[in-house]
Amino acid sequence: MSEKTPSKLEKILRQGHLAVTSECGPPRGSDPEVIREKAEMIKDYVDAINITDNQTAMTRMCSLASCIHLKLMGLEPVLQMVTRDRNRIAMQSDILGAASFDIYNILCLSGDHQSFGDCPTGQNVHDIDSMQLIQTVRLMRDEGKFLGGDEIARPPRMFVGAAANPFADPFEIRVPRLAKKVAAGVEFIQTQCIYNLDRFEEWMKRIRDRGLHEKVFILAGLTPMKSAGMARYMKNRVPGMDVPDEIVKRLSDTPKEKQAEEGIKICIESIQRLKEVEGVSGFHIMAIEWEEKVPEIVRQAGLYPRPSL
Amino acid sequence: MIVGEQKPLEEIWEMVKPYKKVLVFGCNTCVAVCHSGGNKEAEILASLLRIKAKQEQVEMEIKNSGIERQCEHEFYEPVTEELNWADLVLSTACGVGVQFTAEKLATTPVFPALNTTFMGAVDAPGVFTERCQGCGQCILAITGGICPVSRCAKRLLNGPCGGSSNGKCEINKDVDCAWQLIVDRLAALGRLDDYEKLTPIKDWSNERSGGPRKMVREDLQQ
Chain A
4 MSEKTPSKLE KILRQGHLAV TSECGPPRGS DPEVIREKAE MIKDYVDAIN ITDNQTAMTR
64 MCSLASCIHL KLMGLEPVLQ MVTRDRNRIA MQSDILGAAS FDIYNILCLS GDHQSFGDCP
124 TGQNVHDIDS MQLIQTVRLM RDEGKFLGGD EIARPPRMFV GAAANPFADP FEIRVPRLAK
184 KVAAGVEFIQ TQCIYNLDRF EEWMKRIRDR GLHEKVFILA GLTPMKSAGM ARYMKNRVPG
244 MDVPDEIVKR LSDTPKEKQA EEGIKICIES IQRLKEVEGV SGFHIMAIEW EEKVPEIVRQ
304 AGLYPRPSL
Chain B
38 MIVGEQKPLE EIWEMVKPYK KVLVFGCNTC VAVCHSGGNK EAEILASLLR IKAKQEQVEM
98 EIKNSGIERQ CEHEFYEPVT EELNWADLVL STACGVGVQF TAEKLATTPV FPALNTTFMG
158 AVDAPGVFTE RCQGCGQCIL AITGGICPVS RCAKRLLNGP CGGSSNGKCE INKDVDCAWQ
218 LIVDRLAALG RLDDYEKLTP IKDWSNERSG GPRKMVREDL QQ
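So the protein sequences, as listed, match chains A and B. Per the working numbering, the first sequence starts with residue 4, numbered consecutively. Per the working numbering, the second sequence starts with residue 38, numbered consecutively.
Everything labelled a hint here was simulated from the structure, so no lab data went into it. One or more of the hints may lead you astray.
Here are the simulated DSS-like pairs of lysine-lysine, each with C-alpha atoms no more than 27 angstroms apart in a straight line [as the list claims (entries may be wrong)]:
(1) K234/B <-> K218/A
(2) K238/A <-> K239/B
(3) K183/A <-> K74/A
(4) K234/B <-> K238/A
(5) K210/B <-> K148/A
(6) K183/A <-> K239/B
(7) K183/A <-> K234/B
Listed next, the stretches of chain B that the computed footprint assigns to chain A, with coverage defined by at least 3 CB atoms under 8 angstroms from CB atoms of chain A [to be verified]:
(8) 190-197
(9) 207-220
(10) 224-233
With the C-beta cut set under 7 angstroms, the calculated list includes, among others, these residues of chain B facing chain A [as the list claims (entries may be wrong)]:
(11) G200
(12) S202
(13) I238
(14) S242
Quick caveat, the model's predicted, so the values are computed rather than measured. Using N, Cα and C, we set each Cβ at its ideal position, and we do this for glycine too.
Whenever a hint applies, use it, and build me the whole structure from the sequences.
Shown next, in the form of structure tokens:
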């Protein structure tokens, strides 16, 4: 597979390296230093940095502006874009805006429902869905056309990603859902946080059975647990999250002051095990408001130094 | 049918209290089925308002009336006199009926006693649930007869979001995940493979986005 964009993430994946990405949540304010500081902590340990798009439907600094801050630092951003807040005009427009700053990666998502955020009385848009956003970006890039059919002068050059949750319901369409995203034109996947490794490996087996791992790069998603309380919360409260009892028990059996360290250890062990899984092309480390731990995880998981291109 | 829910009495009272001759005007079709705005409910609401007026020591006359459907001209004739008597008509119809009645009364205000909530079905006695948003481009044939536009909180056309859990929607454990229902139904129909067909980007110009809609049947015009 030859490269289709100038994306560094794409290059690393196509060259067969295990890629490492991470993410930064923009601030609930306009101070760009927040983004810069987070990025500074992790920049030498990851190949690209996702910027979330009003995650959990809480109003924040926009993903696009935050990505521009990263770009101005010489870093490689992944623009997350949810279909919740903008119609097809606004999304195509933002894609062009991002492309004008040579942002080369996009992650197409539907977004958390607004009832979870700070504007539960607002409308959601969902003019198109995440699957159709993938198609939209591919149309704009590959055919140089708007959805309306007109030609785009200087089309965007973006490596197109999406999310996948191997643990959500309905179970019988977990693999077909990924196949559908591949058919829509997705090129890389960042998965939901993986704690149930057995179930993830079973999903990967089914992905391989259909040959999908040869059509899309799959980055295994990992979030280190800070405490037994967080593990319980993720297990019981977060829809689509599969946290096995032994993870909760392992953290609960650890003295409180050592739980964070144990959480990091679990994360590193998971990466080491998943490195051996055929079809896993890299890792997406989501250390939520805990970005300072990313270097340690990357180092100890044997993923440092990052390839220089 | 169209489902509506009566507004809180306090809110209705605030609307009607400046008026002297109030007609509570029922609509005996859709909103009668959901026991919110039929002619019987109009009668009950009129009684409640009379009590309220008495309690608040406000002088007003409150009558009630009703017709079969406030959304069709042909039913209005028998109530012309009552409508002309009122200095306020409090309609218990859906939003369609309220506006249609107002169009007949150039100088009398017509206020809504209901919040029109959705187009739905009677799931069980006293339980009404949404089934359709009138998007103007029905896709039920490809979604196993279950509508993701009206029943998925994100109106996703190509499958569930990551928040589907044990058959329920992430926004509320009492809400079924439409895509779980669709997948189950496609499986029961032996059509699960159809799930992988991409649903094209929807033409929303047939729904609200395209402006007020109109249908003309020339063969029925007189």
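For each hint, the structure was consulted:
no., hint, result
1, K234/B <-> K218/A, "18 angstroms, holds"
2, K238/A <-> K239/B, "36 angstroms, violated"
3, K183/A <-> K74/A, "31 angstroms, violated"
4, K234/B <-> K238/A, "33 angstroms, violated"
5, K210/B <-> K148/A, "42 angstroms, violated"
6, K183/A <-> K239/B, "17 angstroms, holds"
7, K183/A <-> K234/B, "7 angstroms, holds"
8, 190-197, "holds (count 8)"
9, 207-220, "holds (count 6)"
10, 224-233, "holds (count 4)"
11, G200, "4 angstroms, holds"
12, S202, "4 angstroms, holds"
13, I238, "5 angstroms, holds"
14, S242, "11 angstroms, violated"
Consistency note: the structure conflicts with the earlier hints numbered 2, 3, 4, 5 and 14.
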